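Protein chains: 4
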Amino acid sequence: MTDLQAILDDIHAELSPRIGEGKVADYIPELAKIDPNQFGMAIATVNGDLYSVGDAAIPFSIQSISKVFMLTLALGKVGESLWTRVGREPSGTAFNSIVQLEREEGIPRNPFINAGAIAISDVVLAGHAPREAIGELLRFVRYVADDETITIDDKVARSETQTGYRNLALANFMRAYGNLDHPVEHVLGVYFHQCALSMSCQQLAKAGLYLAARGSNPITGHSVVSPKRARRINALMLTCGHYDGSGDFAYHVGLPGKSGVGGGIMAVAPGIGSIAVWSPGLNKVGNSQLGAVALEMLAARTGWSVFGD
Amino acid sequence: MTDLQAILDDIHAELSPRIGEGKVADYIPELAKIDPNQFGMAIATVNGDLYSVGDAAIPFSIQSISKVFMLTLALGKVGESLWTRVGREPSGTAFNSIVQLEREEGIPRNPFINAGAIAISDVVLAGHAPREAIGELLRFVRYVADDETITIDDKVARSETQTGYRNLALANFMRAYGNLDHPVEHVLGVYFHQCALSMSCQQLAKAGLYLAARGSNPITGHSVVSPKRARRINALMLTCGHYDGSGDFAYHVGLPGKSGVGGGIMAVAPGIGSIAVWSPGLNKVGNSQLGAVALEMLAARTGWSVFGD
Amino acid sequence: MTDLQAILDDIHAELSPRIGEGKVADYIPELAKIDPNQFGMAIATVNGDLYSVGDAAIPFSIQSISKVFMLTLALGKVGESLWTRVGREPSGTAFNSIVQLEREEGIPRNPFINAGAIAISDVVLAGHAPREAIGELLRFVRYVADDETITIDDKVARSETQTGYRNLALANFMRAYGNLDHPVEHVLGVYFHQCALSMSCQQLAKAGLYLAARGSNPITGHSVVSPKRARRINALMLTCGHYDGSGDFAYHVGLPGKSGVGGGIMAVAPGIGSIAVWSPGLNKVGNSQLGAVALEMLAARTGWSVFGD
Amino acid sequence: MTDLQAILDDIHAELSPRIGEGKVADYIPELAKIDPNQFGMAIATVNGDLYSVGDAAIPFSIQSISKVFMLTLALGKVGESLWTRVGREPSGTAFNSIVQLEREEGIPRNPFINAGAIAISDVVLAGHAPREAIGELLRFVRYVADDETITIDDKVARSETQTGYRNLALANFMRAYGNLDHPVEHVLGVYFHQCALSMSCQQLAKAGLYLAARGSNPITGHSVVSPKRARRINALMLTCGHYDGSGDFAYHVGLPGKSGVGGGIMAVAPGIGSIAVWSPGLNKVGNSQLGAVALEMLAARTGWSVFGD
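Protein chains in written order, with the numbering used here: chain Y, 1 to 309; chain G, 1 to 309; chain R, 1 to 309; chain H, 1 to 309.
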């Protein structure tokens, strides 16, 4: 295998002059306070190796990356019947658009736009109090990352709750169409807390390993999902993981990935490993600007694209 | 390698009772005449082997699958500057929708919806008479398939020309936004003829080999595109190749692919081979119903999904 | 003047066999309980005469007709600056659509669709507790109708509050765009109570008189708005008063009017009088089916259309 | 009656410093050449008087105002069955939008947006060659205006034909939905020529008189339509006559009216008279900027608003 540490070091060195590029998300007050001059990257391989560079040990708000873990949980609970509640197609619109919801009568296009993740939160809530559902997610993420120190940042969760009018609109709209079973405040309680998961690149890379390794964590031996389900989650990440920039990410990087407005991206190289990158400045569709560049460099130098070497 | 011929035979046998399912495209009169009770499948491997089953030697109208070849030609002519004329994102709407064009001021979302392919035709026309551009495409397809017997079905081309009001609308609309350089009739002349390319599954599987084999046909040694470009075309096929059913195809099959309303699908297993399947009955988003099922069976039995084995 | 009582009696007699047509609004549980077999009509003239027929003395839920009174109040408070918060154009979409709000960044198209009336409620709330704003509206309606017995039906208000997810979505969406100054629950508290105003045709006809009589109630002498403002409110009722059926109402009836899903319609014949009609069954755009027919018959027989005699 | 000539003179004097405001339509090359510093206004009363001021005798391209005459012709041919081909509701979108056409499957929202007028042209074509249909329209306009000198400006018609890609898109789109019976070129031949009608304010004011006078020209005695149809055409003008500025025009002016991108507006004061105003500079929704202001001044000073005095 190529010398991954050297590749990470090179990418870091080359991107150093550009650190700080992009625009930090400002619609959630707590996120707006983040120092943009940070960059970290980590790779966890199916062989059990962990490589990292820069600010890879600093926890950040993973935001929408948590949608991957919630989807995994929801599929575990209700299986393929989940798809009566949410679609599997790219949206063709912004991450928080409500237009599509009206056209398609309350069924979000996919689990990785906000409306879809809210519907998924409702599914995970079944039979639980909100606090229990949040606890279940936290336990799940600690389990897949094999790291008991992962936490939820309550300040961020509170900040989102106080300013989440658009998500309130999405949730109430779905409720109007009968696509939420629980009270809107409960569902959003779960939703806002999942967004506030705080993880470092190292933790995130390890947490994504099950998607690279046929559904099981190759280090702990923990089985998470079947190989088929791992492939399917990867497929959804590739077609829908970057909002209305998913096509562009596939074109330039060629790996399944999921981004968050905290500036993180988790990507999967099936059979090889899981990658996490973090840099708070976002591009105009809301994905980490340097994060996407770093992943493109990594894919080019390793030949890990799923679309050919 | 697994016994591909046995797998194809099994798939054919299992699907036999269902042959005829779906609805033949009826908006192009010549296509509406096709006997729905046909099914063929072929695999061309990077090792030079060709496997096939059923009606794999019968030519059919490849329709939108030709968009892959036209995109390859256009990228060869103008390179990455092509992306000022057309986007790279899934559309979130039907293949022939005009709504997106108005919202995004004449720039089609991707090269694989009708509007995008019309813009691509305009690019390929540059410096040519329509007849020459059509000739260039035909030579190119014969070259990549290594088969001089491939032809364009003039009756189908004429039939499309006579009933192509919606494509006329798309082309004129783009022209209004300044996104066509040539007269609408010239551009559509090229467009309608590319749709009318007539190929068998065997020919189509061979024609797609360059996308599986780092940009070159491994049998003839013909170099077509760079490895990077092959990957990128595959990425576009995966995110946008099945209109508003692209997410679903990625979820179930896990291979880059392009469908046509003639009932054909061409798929690519990077590093392994190229697959073509044909069955005229379409599902509700306009993709071959049995074709998609057959590819899902193939991917499941071979482990060829790009998203993991 | 023509014998208005005779005309009303004729209309009632002719429509008798059809009473019960249409579909009672069912999305608000309290409204769904209404007996559809009711029909009433009343005319209040600028001369001080009151004519009525059928169930014209039975109070019903005026629902969106209250938007006219709220608009009048809001214009009184902030004048023409109101139009920075809401537009004056027909919407081209359903009364509760959210699509337009996203396209036009939180500014509702007009004061007579739900989103617009919610913005208006926010304006009327300024400097008030919700209870006070509701009290102000009730006093205003009693004043213009010269009738202290008019009330708000708390059961209907509660029923709307419990099922008003779509209005919650609209309000939160506007709040996200900064087009609400007060907490969503306060604004909707006002909104749901205004919808629950309970009035008979006789009361409603009298309440609308100021719009027919240059802004003042000709009987009480109460001045409500300037003649210019009365004209302008009439103009808005004509272009926007029947949701996406406004053009049709203008075509067939030719009078400014405002409908509610309770089955009421208030119409204005400038210089002549104000008309109220009530029949709970709605047509497919949400306006009283027989109510519209009755008004068309009235306009035809009286020559009251604003578009010529 | 008030001294209309004095009112016109006053309006002209007050607006003189502003003549030249707005932006001349530039998407039709011939129209882009017009000198913006022109302003004319004329009133034809039902009593037979004609008042005018400024450039009221200079012919200009009436453009979309012709849609009123074509609608009158089409209603004369097929009566109320016309409404299976075109709607009667305001569009909520720009005059040349195609989005609505897709959503509503080829049925334009009203006769006064481009798509609607193209459908109307198709209706008027029935049983005719395009040249005959154009001749019929010209004869009709000369008849209602009682002026044989009115002509069609062939240079403008040609200019529109050469640049009318967007109208070609609309027409082909409707043809795709089966809402055109004749070849697109024939229909657009009629459409482009009607737009190129060249009339002065004086001619236009006289041509509109039948709409003010119960369907007949009170001077010539020519009967054009029934009183009911005159009212209905007025209603359509009021709700749909100024594209997405119709609500605003009703609010400020309060008269049925139809604008054209040549800078003309024809308005109707039922029972009183017909008004034409012309000033080439347009506002941002495509209506004559000074024309609308002049009509607002006229309505304010005469009390002619249909919504009350």
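Treat the hints loosely; a few may be bogus.
In silico lysine-lysine, DSS-like type, Cα no more than 27 Å apart, as pairs [to be verified]:
| id | chain 1 | residue 1 | chain 2 | residue 2 |
| --- | --- | --- | --- | --- |
| 1 | H | Lys23 | H | Lys33 |
| 2 | G | Lys33 | Y | Lys284 |
| 3 | R | Lys284 | H | Lys228 |
Pair by pair, the computed Cβ-Cβ distance ranges are [stated by the list, open to error]:
| id | chain 1 | residue 1 | chain 2 | residue 2 | range |
| --- | --- | --- | --- | --- | --- |
| 4 | G | Asp146 | Y | Thr84 | 45 to 51 Å |
| 5 | Y | Lys284 | R | Arg103 | 52 to 58 Å |
| 6 | G | Arg18 | Y | Asp9 | 41 to 47 Å |
| 7 | H | His128 | G | Arg18 | 37 to 43 Å |
| 8 | Y | Pro17 | G | Val78 | 42 to 48 Å |
| 9 | Y | Thr151 | R | His128 | 39 to 45 Å |
From the derived model, a few chain G residues whose C-beta atoms are all more than 12 Å from chain H [unchecked claim]:
| id | residue |
| --- | --- |
| 10 | Thr2 |
| 11 | Asp9 |
| 12 | Lys23 |
| 13 | Asn37 |
| 14 | Glu102 |
| 15 | Ala129 |
| 16 | Asn172 |
| 17 | Ser198 |
| 18 | Ile219 |
| 19 | His222 |
For the record, the hints were derived by calculation from the structure and aren't laboratory data.
Given the structure is predicted, the values throughout are model-derived calculations rather than measurements.
Glycine included, each C-beta is placed from N, C-alpha and C at the ideal position.
Hint by hint, here is what the structure shows:
1. H/Lys23 <-> H/Lys33: With a Cα-Cα distance of about 12 Å, the restraint between H/Lys23 and H/Lys33 holds, given a limit of 27 Å.
2. G/Lys33 <-> Y/Lys284: violated, 48 Å
3. R/Lys284 <-> H/Lys228: holds, 25 Å
4. G/Asp146 <-> Y/Thr84: 45 to 51 Å: Since the Cβ atoms of G/Asp146 and Y/Thr84 sit about 47 Å apart, the hinted range of 45 to 51 Å holds.
5. Y/Lys284 <-> R/Arg103: 52 to 58 Å: violated, 19 Å
6. G/Arg18 <-> Y/Asp9: 41 to 47 Å: violated, 55 Å
7. H/His128 <-> G/Arg18: 37 to 43 Å: violated, 52 Å
8. Y/Pro17 <-> G/Val78: 42 to 48 Å: violated, 31 Å
9. Y/Thr151 <-> R/His128: 39 to 45 Å: Once the Cβ atoms are compared, 43 Å apart, the range 39 to 45 Å for R/His128 and Y/Thr151 holds.
10. Thr2: Since the minimum Cβ distance to chain H is about 46 Å, G/Thr2 lies beyond 12 Å and the statement holds.
11. Asp9: Consistent with the label, G/Asp9 stays out of reach of chain H, its closest Cβ about 43 Å off (over 12 Å).
12. Lys23: Nearest chain H Cβ is 19 Å from G/Lys23, so the label holds.
13. Asn37: holds, 30 Å
14. Glu102: Violated: least Cβ distance 5 Å, not greater than 12 Å.
15. Ala129: Per Cβ check, G/Ala129 is outside 12 Å of chain H; nearest 22 Å; holds.
16. Asn172: violated, 4 Å
17. Ser198: holds, 25 Å
18. Ile219: Correct as stated: the minimum Cβ-Cβ distance to chain H is 43 Å, above 12 Å.
19. His222: holds, 40 Å
Hints 2, 5, 6, 7, 8, 14 and 16 from the list above are not met by this structure, while the remaining hints are.
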